[in-house]
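K.L.:
Residue-level listing of the chains:
Number of protein chains: 2
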Amino acid sequence: MAGLLEPDAALAQVFAAVPPARSVSLPPGDCLGLVLAADATACTDLPPFDRAMMDGYAIRLADAGAAVELLGEIAAGDGADRVPLQVGQAYPIMTGAPVPPGAEAVVPHEQTRRQGQQICLPERIRPGANIVPRAGECRAGHAWARAGAVVTPMTLAAALGVGAAHLEVHPRPRVAVIATGSELAADPSAAGQIRDTNGPMLGAMFQEAGASVQRQVIGDDAEALLAGLQSISDADVVVLTGGVSAGTHDEVPGVLRRLGAEVLFHKVAQRPGKPLLVARLGRHLLFGLPGNPLAAHLCACRYVLPALRRLARLPHIPVSGRGVLRTTLPANSEHTWFLPALIEGGSVLPLLPFSSADLVQPHQANAYLRLDPGAVEAPAGTEITYTRIGVDAWAR
Amino acid sequence: MAGLLEPDAALAQVFAAVPPARSVSLPPGDCLGLVLAADATACTDLPPFDRAMMDGYAIRLADAGAAVELLGEIAAGDGADRVPLQVGQAYPIMTGAPVPPGAEAVVPHEQTRRQGQQICLPERIRPGANIVPRAGECRAGHAWARAGAVVTPMTLAAALGVGAAHLEVHPRPRVAVIATGSELAADPSAAGQIRDTNGPMLGAMFQEAGASVQRQVIGDDAEALLAGLQSISDADVVVLTGGVSAGTHDEVPGVLRRLGAEVLFHKVAQRPGKPLLVARLGRHLLFGLPGNPLAAHLCACRYVLPALRRLARLPHIPVSGRGVLRTTLPANSEHTWFLPALIEGGSVLPLLPFSSADLVQPHQANAYLRLDPGAVEAPAGTEITYTRIGVDAWAR
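Just so you know, the sequences run in chain order A and B.
All residue numbers for the first sequence refer to the numbering used here, where the first residue is 1 and numbers rise by one.
All residue numbers for the second sequence refer to the numbering used here, where the first residue is 1 and numbers rise by one.
What the hints contain is simulated information worked out from the structure, not anything from laboratory work.
Any given hint could be a false lead.
[To be verified] Computed list of chain B residues with no C-beta within reach of chain A, every gap over 12 Å:
| id | residue |
| --- | --- |
| 1 | 67 |
| 2 | 223 |
| 3 | 226 |
| 4 | 282 |
| 5 | 370 |
| 6 | 388 |
[As the list claims (entries may be wrong)] If we take Cβ atoms under 8 Å as the criterion, some of the chain B residues that face chain A in the derived model are:
| id | residue |
| --- | --- |
| 7 | 81 |
| 8 | 132 |
| 9 | 194 |
| 10 | 245 |
Don't be surprised by glycine CBs; every beta carbon is placed ideally from N, CA and C.
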């Protein structure tokens, strides 16, 4: 098997083939979790008017220490079109309300004293106290968020606050998932038929990564697969599972040749997932994953998800860490072996599958272990490196 | 201010008031990210038939080292109703196809040699080689996943593989978000009006945490708020923002009294977010968050999200870590101060807001710092503890 591509070289080839990120203009509410493609500029001042930060009284500084007459209350939501405040007067005012013309500070209730129809103000009042001046948080035209920033819930609130109708972002990657195999049936009542598990699993993984996903199932039929691939026009990434080996019914390599795809590599020195194929097909980056579910999962974690996140300009390096083996790890043979594991605190439990088709034993995995070719048996208690999988697996 | 509830005591009261988790039966595809409420039992054997793991030949062990006659090929998706395999014969067979009656191993192509119409088998063949026996991964009736496990994409695939039509899970928490304030307008063209930023921000935070969210905006009007709260029937958690202080137009405390709510606490020794109110209102847990956006964000991070995750039986303790200050942190006064910060690698950049209403400066925060009452100024270079915020902030 000398000459097979090593896993790290394969990943580097995938990264080099990721298409350029697109850029679109979307309403802020549709941008959560996406990355800004351009600096965002404020459309309006924030706040749009001098705003009271406390419930209290809008006052003139000249009245510090004096008693003042109260005018009509200003509530949040009221307009600012009041008679200008004169010395000897104060407006009762509520948090969030516009400060009236002439007012130089807002004094909170608890710093005042009632005296008949008047109130007594404290001796010392800081100019501008408890007023957020118009544009104090952000001025119209100011670049308040930088290209490359992720849109968080707080970013969404800030965008609405500064009057943004749209944000320029790298959109969700569009992924077409095609599960191939004549044995795949929605209701596997017929002998020899099984349920498609790879399509839903991969769709869920890509959706968790922020992609929008379209799925189809196609039998082991070259013409149907050709038609299926030709029907995909708007996907950034196409992910096939099954049909990538060298068997009589493995139609993927032949169909890709007929479509003029540029195959970047086919087969990687790893298990599971040795038959992995990666190609450029027109504008699409195409992954041919093995049909064995665990192999499809590993290849999606290790090659497809980083590509999707890179396409969205999100962090794409998974978190790794070190922990202590709870059980013995068997020796490895000639290829790099990726093994699902459950990390709990500092302990690492390898979840040995029954075969590379098996997802039942490893379904709780939150990491993969990587065993180099020829690695010797590692007894329980050995310290080992793991790489996280899942939505919270990406280093910032 | 002696006698105000401390932040940790407030959080403990919130946890004690989280309602019991509900349990529902949902199709596996709707369970992603949810926690199993009961052990999941396999409905069918997996695989449902003896399955070939490789492309090759289904053979009899007695033929090891001999040449055998080839019968008709068995492809994936074919039925298993073949004439039983006799000594001297082999079926060509594809990965995923059902192994025919009588076959004792599958020998891959590359271990065989073509000899006219026959093929020569290797000398040594392991019994059962390259066959996953029926139920090898999981037997019908077996509890393949335990209560408390999170449904991952792999769990989804395993559930479909073992024929599960439904899974018993703790459902998404249902949250009703009510932004209060007469100044809130969808299009703030009128003077004194502003856009609602808290409602969309909180909705996004709770959706990121897996909750299903319904939002409404209500003016500072006790009757409207009363009607709004009475109209909520199916929410687990109600989150109000604004109107929780002691001002003339802070209608929340009075309306809660009229509704017979049990107020657990009102006001916490913290900034921002001192006016926080938490109550039981019938079956609902109710949070009255301040209307200042940053205060609402802090209270949602620190009190609401952990409650929602606990309700869903998800991990609810945020990740914390230590890093080195890039800028000086000012001294703190009498209450615990929570300050947004950006963590990059091991460096901690405090994002000092202009006021507790300000989300523009801190919008890239991925953590909060916590300063104890009376903490002295901390110069750049000081090591400090932070607590993560966001979807990937929860310790497992």
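K.L.:
For every hint, state whether the structure bears it out.
P.N.:
Comparing the hints with the structure gives:
The claim that residue 67 of chain B lies off the interface holds: its Cβ sits roughly 21 Å from the closest Cβ of chain A, which is beyond the 12 Å cut-off. Residue placement check: residue 223 of chain B keeps its beta carbon more than 12 Å from all beta carbons of chain A (closest about 16 Å). The beta carbon of residue 226 of chain B is kept farther than 12 Å from every beta carbon of chain A, the shortest such distance being approximately 19 Å. Separation of residue 282 of chain B from chain A is adequate, the least Cβ-Cβ distance of about 28 Å exceeding the 12 Å criterion.
Every beta carbon of chain A lies more than 12 Å from that of residue 370 of chain B, the smallest distance being close to 18 Å; the non-interface claim holds. Its beta-carbon lying about 10 Å from the closest one in chain A, residue 388 of chain B breaks the requirement of being farther than 12 Å from that chain. Contact between residue 81 of chain B and chain A, as hinted, is supported at the beta carbon level, the nearest pair being about 7 Å apart and thus within 8 Å. Given hint, residue 132 of chain B at the interface with chain A, holds; its Cβ is 5 Å from that chain's nearest Cβ, closer than 8 Å.
With a least beta-carbon distance of about 7 Å to chain A, the hint placing residue 194 of chain B at the interface is held under the 8 Å criterion. Look at residue 245 of chain B: its Cβ gets to within about 6 Å of chain A, closer than 8 Å, so that hint holds up.
Violated hint: 6 only; the structure is consistent with all others.
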